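In UniProt numbering, the protein residues as written are 1 to 624.
Derived by calculation from the structure, the hints in this document are not laboratory data. Among these hints, one or two may not hold up.
[What the hints assert, rightly or not] When the alpha-carbon atoms are kept at most 27 Å apart in a straight line, the in silico DSS-like pairs for lysine-lysine are as follows:
{"#": "1", "residue 1": "340", "residue 2": "368"}
{"#": "2", "residue 1": "565", "residue 2": "521"}
{"#": "3", "residue 1": "385", "residue 2": "296"}
{"#": "4", "residue 1": "521", "residue 2": "561"}
{"#": "5", "residue 1": "228", "residue 2": "269"}
{"#": "6", "residue 1": "603", "residue 2": "565"}
{"#": "7", "residue 1": "64", "residue 2": "46"}
{"#": "8", "residue 1": "46", "residue 2": "13"}
{"#": "9", "residue 1": "330", "residue 2": "102"}
{"#": "10", "residue 1": "29", "residue 2": "13"}
{"#": "11", "residue 1": "584", "residue 2": "565"}
{"#": "12", "residue 1": "56", "residue 2": "46"}
[Stated by the list, open to error] Ranges between beta-carbon positions, derived for each pair:
{"#": "13", "residue 1": "349", "residue 2": "86", "range": "27 to 33 Å"}
{"#": "14", "residue 1": "133", "residue 2": "356", "range": "53 to 59 Å"}
{"#": "15", "residue 1": "243", "residue 2": "298", "range": "51 to 57 Å"}
{"#": "16", "residue 1": "91", "residue 2": "324", "range": "23 to 29 Å"}
{"#": "17", "residue 1": "571", "residue 2": "608", "range": "38 to 44 Å"}
{"#": "18", "residue 1": "356", "residue 2": "388", "range": "35 to 41 Å"}
{"#": "19", "residue 1": "91", "residue 2": "269", "range": "29 to 35 Å"}
{"#": "20", "residue 1": "566", "residue 2": "352", "range": "44 to 50 Å"}
{"#": "21", "residue 1": "389", "residue 2": "527", "range": "56 to 62 Å"}
{"#": "22", "residue 1": "301", "residue 2": "324", "range": "55 to 61 Å"}
{"#": "23", "residue 1": "133", "residue 2": "340", "range": "24 to 30 Å"}
The model shown is predicted, which means the values in this text are computed figures rather than measured ones. Positions of the beta carbon are idealized from the N, C-alpha and C atoms, including for glycine.
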Amino acid sequence: QSIGCDDYLGSDKVIDKCGICGGDNTACKVVSGVFKHTLTNLGYHKIVEIPEGATKINITEMSKSNNYLALRSRSGRSIINGNWAIDRPGRYEGGGTMFTYKRPNEISSTAGESFLADGPTNEVLDVYMIHQQPNPGIHYEYIIPGDNVISPQLLAHRRPGEPLNGQLGMPESTNQEDEDLHRETDTLTGQSAGTFPVIQPGRFPSHQPENQVPAVQPPRQNREHNWKQIGKTECSTTCGKGSQYPVFHCVNRITHEEVSESYCDSSTKPIPEEEACNLFPCPAFWDIGEWSECSKTCGLGMQHRQILCRQMYANRTLTVQQYRCHHLEKPETTSTCQLKICSEWQIRTEWTSCSVPCGVGQRTRDVKCVSNLGDIVDDEECNMKLRPNDIENCDMGPCAKSWFLTEWSDRCSAECGDGVRTRSVVCMTNHVSSLPLEGCGNNRPSETTPCSNGPCAGKVEWFAGGWTQCSAECGSGSQQREVICVRKTEGNFDVLNPYECSYLEKPPSQQSCYLKPCGSKWFHTEWSTCSKSCEGGFRVREVRCLSDDMTASTQCDPQLKPEEKEPCNTQDCIPEIDENCKDKYYNCNVVVQARLCVYTYYKTACCASCTRVANRQSGFLGRR
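Given the sequences, and given the hints that come with them, work out the whole structure.
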């Protein structure tokens, strides 16, 4: 069977949060809250006061921050993180209890700092926050006894059957043996009869049943033996102020020989009092703090830790000047770290085809952030500054709409006889929106035109002359040569009809040629129709700089750029003269001044005058 908190077999009683065996949590008071004040100044700020007698103390930062918790007694003694010195996580004694200081340091952890203690405290304690960044909130909770609450320390030592209020009360019906027992108890504790003193833990037996005789007290020991100090316990520490206690044994008063303790009166045995020992300070040492988080989540980063010179004295660790630790090698305060290998950008596909068949469009490709394990992860895990483009413009060449031409070549293809001059012709998009042009159509302008440098001398049989110069100084051109049917005579050649040589294979008289790339050249469209038929109009054409592959270029000489606009039809407008349109009256100027030309009769009778006025008005409106 299990044992309950009341020490009885088979009991199911447990200690509640107030420390009461079998209690219902009503004998104490839970104090809790959250400190959420907005702080502006750096430094120590008081959060909460923990009263004397508090138990189950829990002070916890609600999320991780760069702030620190601190604990100080009301007397001003620093317990944790005092005097701007940050202590390492661990256990610290203060206020009569042991505090556990926690400071999670894992990168993935979001928990804040905390102080935990079981209590009870024997003095008032103050909790502070060392403010360095916005307060995430501090949750505090502790338990204090309620009215007429039994001390948890007494409950821990209570024996079965012992009164819970800590006093011996007289039952309503008692017998003589009970009264005698109480009188003996009073005598032993030094109290007068009739009073009911507080029971010391373990001092009294359980209440005796009525049919049981009280135990007989042992006889008083004689004075032949007494207690004697024979030495001291070993010092609790080897340095830095420890403690030790005197050791008393029972000895014969005459021979001073040690005997069993039963020969001496246990009530007269001196209580050992604590004595200080080994007061000299302990050697200073380097107190190494925990490493900070790595400065980078991937790749090579840095981490730091706090190194303090500390010295133990009186069971306390104090921060001292660093020169006291010069006899020791100082540990490193910084170190490189690498949590994992950084992810990198990978191009997963080739560029797609351009989004348009001609003109300027876009093309795309697949770019992903890939971890060192080959998994696709979020883009934020890769360096966004190094991300390859996954979209770009593409130029599929101009969309054909108009014919663009170069100027005729200056050189004829034949040195003598008939030859040709050439030019380049290309169909491209026309961006002169004011021109009423349509598609290029089938009327492709000619790329060659005939030319002649005079007759050539006669040759022999099928006589092929030398090739002429290329018709184009650059790019594609053509070459010609004269092929004639001749007959050789002494010192002379007679030119024959080509029919005479028809049975022979005639050499080619023309071939294509290509001297060198032209680079960029100016191309232009045909001139548009003149905007006016007289009195000065204008006509326009589009001019473009194209490279050898007929793509747009910026390498043409601006000084050689053909004109894109020129005047046309600058002659005056001459009205058509109708010999039948005459003034029938000498005073038709009066008709004009009176604006009577709008009437058919006057328009016919004064035809010449009304016509001149109408032409002047239309010319004025046209100029506007």
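Open item on the list: Tell me if the beta carbons of residue 571 and residue 608 are separated by a distance inside 38 to 44 Å.
Closed with: 23 Å, violated
Task: Cβ distance range 53 to 59 Å for residue 133 and residue 356, holds or violated - done: Given range 53 to 59 Å: holds, Cβ gap about 54 Å.
Task: Proposed proximity, residue 46 with residue 56 (alpha carbon, max 27 Å) - done: 20 Å, holds
- [ ] Take the C-beta atom of residue 91 and the C-beta atom of residue 324, compute their distance, and say whether it sits inside 23 to 29 Å.
- [x] 25 Å, holds
Open item on the list: I want to verify a distance hint. Is the separation of the beta carbons of residue 356 and residue 388 within 35 to 41 Å?
Closed with: Check failed, 23 Å falls outside 35 to 41 Å.
Open item on the list: What's the verdict on residue 29 and residue 13, does the C-alpha distance respect the 27 Å limit or exceed it?
Closed with: 21 Å, holds
- [ ] Below or equal to 27 Å on CA atoms is what counts here, so check residue 46 against residue 13.
- [x] This hinted pair is violated, its Cα atoms lying about 40 Å apart.
Open item on the list: Does residue 296 sit within 27 Å of residue 385, going by the straight-line distance between their CA atoms?
Closed with: Distance of about 17 Å is within 27 Å: holds.
- [ ] With 27 to 33 Å as the target window, see if residue 349 and residue 86 comply at their CB atoms.
- [x] Violated - the Cβ-Cβ distance for residue 349 and residue 86, about 53 Å, lies outside 27 to 33 Å.
Open item on the list: Hinted pair, alpha-carbon criterion (27 Å max): residue 228, residue 269. Please report holds or violated.
Closed with: 9 Å, holds
TODO: May I ask you to test the hint 56 to 62 Å on the CB atoms belonging to residue 389 and residue 527?
DONE: 43 Å, violated
Task: Restraint check for residue 603 with residue 565, where alpha carbons must lie at most 27 Å apart - done: 42 Å, violated
Of the hints listed earlier, those the structure fails to meet are numbers 6, 8, 11, 13, 17, 18, 21 and 22, in rising order.
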